[in-house]
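Engineer: Each chain is listed here by its residues.
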Amino acid sequence: MAAASPQVGWDPDVLARIRTLQLHARALVDGTLHGGHMSGRATSAVEFADYKEYSPGDPLRDLDWRVMGRTDRLVVRRHRAETELATTLVVDASGDMATGATGSFPPSGPSPFKGTKWGFAAVLTATLAYWLQRTGEPVGLQVLGGADVRWPWLPPRTGEAQLARILGVLAQARPAGRADLAGGLTALGTRLRRRQLVVLVSDLMEEPAEWSPALSALLKRRVDLRVVHLHDRREWAMELPDAGLFKSPEGGPALAEDPDEIRVAFQEEVERYLAEVRSALGAVRGVHLPAPTDQPMDLLVARLLRGL
Amino acid sequence: MNLALLAPLALGLLALLAGPVLAHMARRQPTRRIDFGAMLLLRRVQKRLRRRRRVQDPWLLLLRLLAVLLAILAATRPELRWPDTPPPGQEAGPLVVVLDNSLSMDLRDGETSLLSTARDQAVELLRGLPPGTRVGAVTIGGDAVRLLPELVADPGVVAAALADVQQSWGATDLAGGLSEARRMLGGEGGRVVVFSDQAGPAAVPAAADELELMAAQNVSLEPRVVQASSPANALVTAATYGEGLEGGSVRLTVENTGTTDLDLPVTVTLPDGVEITAFVQVPAGGAATETVTVPRVAEGGVATARLDDPALPADNATAFHLPRVGASRVLVVDGDPGPTPSASEVYFLERALAPWGPAGGVRGGVLPDVTAAGGVLDLDPEVHRVVFVANLADPAPLAARLTDFVRRGGGLVLALGETVTPDLYNGPLAPLLPSPLKRPQALANPGEEGVRTELPDTTLALFRPFARGGRGSFGKARWRRLYTLEPFEETDDVRVLLRTEGGVPVLVERVVGRGRVLLFTGTLDLGWGSFPLQSAYMPFVQRLVTYLGGEAGGGGERMTAVVGDGVQVALPAGVLEATVTGPSGPVAARQRGGRLSFRPDRPGAYVVETPGAPPLAWVAVNTDPAESAVAPGPSLVALAAEIDPDRYQRRVTLGPWLLAAALLLALGQIVAALVVARRARDAAAAEGPPDAPVEPAHA
Numbered sequence: 001m002a003a004a005s006p007q008v009g010w011d012p013d014v015l016a017r018i019r020t021l022q023l024h025a026r027a028l029v030d031g032t033l034h035g036g037h038m039s040g041r042a043t044s045a046v047e048f049a050d051y052k053e054y055s056p057g058d059p060l061r062d063l064d065w066r067v068m069g070r071t072d073r074l075v076v077r078r079h080r081a082e083t084e085l086a087t088t089l090v091v092d093a094s095g096d097m098a099t100g101a102t103g104s105f106p107p108s109g110p111s112p113f114k115g116t117k118w119g120f121a122a123v124l125t126a127t128l129a130y131w132l133q134r135t136g137e138p139v140g141l142q143v144l145g146g147a148d149v150r151w152p153w154l155p156p157r158t159g160e161a162q163l164a165r166i167l168g169v170l171a172q173a174r175p176a177g178r179a180d181l182a183g184g185l186t187a188l189g190t191r192l193r194r195r196q197l198v199v200l201v202s203d204l205m206e207e208p209a210e211w212s213p214a215l216s217a218l219l220k221r222r223v224d225l226r227v228v229h230l231h232d233r234r235e236w237a238m239e240l241p242d243a244g245l246f247k248s249p250e251g252g253p254a255l256a257e258d259p260d261e262i263r264v265a266f267q268e269e270v271e272r273y274l275a276e277v278r279s280a281l282g283a284v285r286g287v288h289l290p291a292p293t294d295q296p297m298d299l300l301v302a303r304l305l306r307g308l
Numbered sequence: 001m002n003l004a005l006l007a008p009l010a011l012g013l014l015a016l017l018a019g020p021v022l023a024h025m026a027r028r029q030p031t032r033r034i035d036f037g038a039m040l041l042l043r044r045v046q047k048r049l050r051r052r053r054r055v056q057d058p059w060l061l062l063l064r065l066l067a068v069l070l071a072i073l074a075a076t077r078p079e080l081r082w083p084d085t086p087p088p089g090q091e092a093g094p095l096v097v098v099l100d101n102s103l104s105m106d107l108r109d110g111e112t113s114l115l116s117t118a119r120d121q122a123v124e125l126l127r128g129l130p131p132g133t134r135v136g137a138v139t140i141g142g143d144a145v146r147l148l149p150e151l152v153a154d155p156g157v158v159a160a161a162l163a164d165v166q167q168s169w170g171a172t173d174l175a176g177g178l179s180e181a182r183r184m185l186g187g188e189g190g191r192v193v194v195f196s197d198q199a200g201p202a203a204v205p206a207a208a209d210e211l212e213l214m215a216a217q218n219v220s221l222e223p224r225v226v227q228a229s230s231p232a233n234a235l236v237t238a239a240t241y242g243e244g245l246e247g248g249s250v251r252l253t254v255e256n257t258g259t260t261d262l263d264l265p266v267t268v269t270l271p272d273g274v275e276i277t278a279f280v281q282v283p284a285g286g287a288a289t290e291t292v293t294v295p296r297v298a299e300g301g302v303a304t305a306r307l308d309d310p311a312l313p314a315d316n317a318t319a320f321h322l323p324r325v326g327a328s329r330v331l332v333v334d335g336d337p338g339p340t341p342s343a344s345e346v347y348f349l350e351r352a353l354a355p356w357g358p359a360g361g362v363r364g365g366v367l368p369d370v371t372a373a374g375g376v377l378d379l380d381p382e383v384h385r386v387v388f389v390a391n392l393a394d395p396a397p398l399a400a401r402l403t404d405f406v407r408r409g410g411g412l413v414l415a416l417g418e419t420v421t422p423d424l425y426n427g428p429l430a431p432l433l434p435s436p437l438k439r440p441q442a443l444a445n446p447g448e449e450g451v452r453t454e455l456p457d458t459t460l461a462l463f464r465p466f467a468r469g470g471r472g473s474f475g476k477a478r479w480r481r482l483y484t485l486e487p488f489e490e491t492d493d494v495r496v497l498l499r500t501e502g503g504v505p506v507l508v509e510r511v512v513g514r515g516r517v518l519l520f521t522g523t524l525d526l527g528w529g530s531f532p533l534q535s536a537y538m539p540f541v542q543r544l545v546t547y548l549g550g551e552a553g554g555g556g557e558r559m560t561a562v563v564g565d566g567v568q569v570a571l572p573a574g575v576l577e578a579t580v581t582g583p584s585g586p587v588a589a590r591q592r593g594g595r596l597s598f599r600p601d602r603p604g605a606y607v608v609e610t611p612g613a614p615p616l617a618w619v620a621v622n623t624d625p626a627e628s629a630v631a632p633g634p635s636l637v638a639l640a641a642e643i644d645p646d647r648y649q650r651r652v653t654l655g656p657w658l659l660a661a662a663l664l665l666a667l668g669q670i671v672a673a674l675v676v677a678r679r680a681r682d683a684a685a686a687e688g689p690p691d692a693p694v695e696p697a698h699a
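Taken in sequence, the protein lines are chains W and H.
Final position of the first sequence in our numbering is 308; the numbers increase by one with none missing.
Final position of the second sequence in our numbering is 699; the numbers increase by one with none missing.
Derived from the structure by calculation, the hints contain no laboratory data.
Using N, Cα and C, we set each Cβ at its ideal position, and we do this for glycine too.
Check the hints yourself; a few may be wrong.
[Claimed, not checked] Restraint-style ranges between C-beta atoms, simulated for each label pair:
no., chain 1, residue 1, chain 2, residue 2, range
1, H, P8, W, A209, 39 to 49 Å
2, H, P8, W, G251, 54 to 64 Å
3, H, A680, W, R285, 48 to 58 Å
[Claimed, not checked] Only some residues are given here: those of chain W computed to face chain H with a beta carbon under 10 Å:
no., residue
4, E239
5, L240
6, S248
7, E250
8, I262
Turn these sequences into a full structure, and let the hints steer you where they fit.
Structural biologist: And the structure:
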């Protein structure tokens, strides 16, 4: 794989991170799909599907004249057009993504992406982009929130240059601010021109009631939505040792709480929240993929790639 | 025992308890900062749990609350008070023993009665007194009675008198006993020692006034409560006669105040001595009913129901009234016997009264005693329920007897006829006749059938049984001749029950005393009408007997009384000498102003009678129900403590003890607080500087 795109003036740290992302992505894709995948590159040909009896209104150019000549029957050839399926990777770079990861990264030694949900999300997104680039599918990127995001929106393209741009954006971005899932998804819905696959990688730490209406914009575009729901298992289990001032990296007032006091209630709230998320995604036929950050990433990648 | 607060206003300090609670509710601000990625969920949880603040260090809070509470209670100056007899100190003074020998003292505690135990204790007390102590004794079963008229300086004499005290059936006269004891002390101070079970709800409260007088006289009261370890009693609380199979039934209600179920025999003894035994199962703390069937024929009077309850034998018997059961004997005075039986004035009446013949009486029917005019002297109010006088020419010799019979509840039917003359009736029978007789009146010409009888009103008690059938038969009875009466107004006591279609009275009723008179203005045979030939005749005659004699058991007033209460019986005019016979023989009675009075001293049947005459009154005497309540009642010493608290109340001041406990708890909470603070410091030191932010671990 090529290195960074030549037209981008990266600083050394960013370049190192791009390299790391490439390594992670390659290791994950090759390790997961070794010998098992085939090129997904679609041709412009039209594939024959089956015959049907002619009925008024069918285009005459589809009539099979040979069959008519041999059998004196009017039959119509039906075809299945093969098309490219563009994929847009939407990654959440909000401030919350800078927290709580005990992630199990690919066995490629120390990584600057280890230790946060953002790191987990960046590696996963780069891996998906790499795989899609390898199979010749157009791949795009939208980054929600974050700082130092060079291109928040990269429309789907094919080719290594597009991959380089995606890796560059992921390597340079830092988690910060709010993701504004509602605004981001609504904007995405207006940008999509045709049926697409959208993979959202996020911790979804915004009220489902706020962002779930935006999903309808995607549904209108006949988007195939997959949501990788990142979370830290320790956070959701409230397995923290002592009381403390809990604060969000996105800002807002800190809350003094004792984990022992609220553990049960918090876990109940997690269940309630997950039910809301499932309900919101189920309404638009989206696929919900819970992804605890302590889960081996290769398993998650394999699950995603097989489903794509 | 109760708790009094001498400074109750100090309870206002209880508001201070809120201090420690609020202090412990206040949350300590943690110092460690945690970057948390799921703040969305945490905010939701906090919103939900906003009202549920946990108390910090609950054990420490408890200690502090207790310390403050005890200190506040100490400030209220609490005092524990309970009634108690005063400490001994006047052993040398005069002493009167009050011994309760009321019915409830017959309660058995094991093999001995409470009275026996109390008597032994009293005797032991007397024997332990210093020689020369002046002592007296009073019993309070029924009436308060001095065993010796005055105090004596020989306790042995009083002890001997006490040893002879017998069980009574009377109620507890505690007030009377204390009064007698106080009087025996003659206005000087002394001791009154009361041996009693203090059972029942009323005996002790009734002595309140006397206790005040004793306090004023500086008499010291020493109640010695004698009670069974587990007081229990079973008794017949009600016995009532009612209709039923055979000769009817007696329904017994038995109560069991004990804690174990009982299966006891109960024997009903009828006035004629017949005994009927049944077993009754009574649940603990409950009641049960048992029905005893009475023979077809039984004498009226006072019967007893005796329960074989070993706990309190004195209240086992319950007396109750039983009416005469079975064959009703009626006296038929035939004023016109005629030459042959079928020509007799009462030929139809006799057969209507006894359709089964003379043997019908044993089947519970009516036994007519047919007699001529002179036979009315055989009238026995205890035997005969109804008298029929048919076409009697001169009733004057019978008038007084008949009048007395009716006034006592008997029933009289006067039927007229050809031999009747108004002059001989209107005078002697004026107290009985609804209206003076006028003359016979022909209602039809010879050869005619006569006027019909109007259908009777079946809402009247006499004709109520005919509402289901037979009413029309009265209308077929025709009258050719009837006696007319002087005009009269119908009242509650005088009313026409039956008349002809033309409105001539056929049957007129008059209430006299407790009995009734029915004047039949026609004949009871076919002389003046066709009534005996109608199908309603026989049931109507039978109904007459039931109607007139249903309530009557003959003569004699039926009374109930309680042992110890005075009973007064009104004597009929002319009775010079009446006697009272109780269950154990003749009873002393006083006769004054036409009234006889006596006081029964034991339960059972009492009969008031004059020689050679039926009883004037039956009295069923039972024991006081309050005496059967053997559960401990109000405490005598508690009542005395209310009246004279300085003498009969013990007090303990709790303030110093509570204050000491509060101080101890205060010290304990200081130690506990130090331990908690030290642990907190150790924990803070282990966490590092308080304000060091935790940076996210991303690059």
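Engineer: What hints, given by number in increasing order, does this structure fail?
Structural biologist: 1, 4
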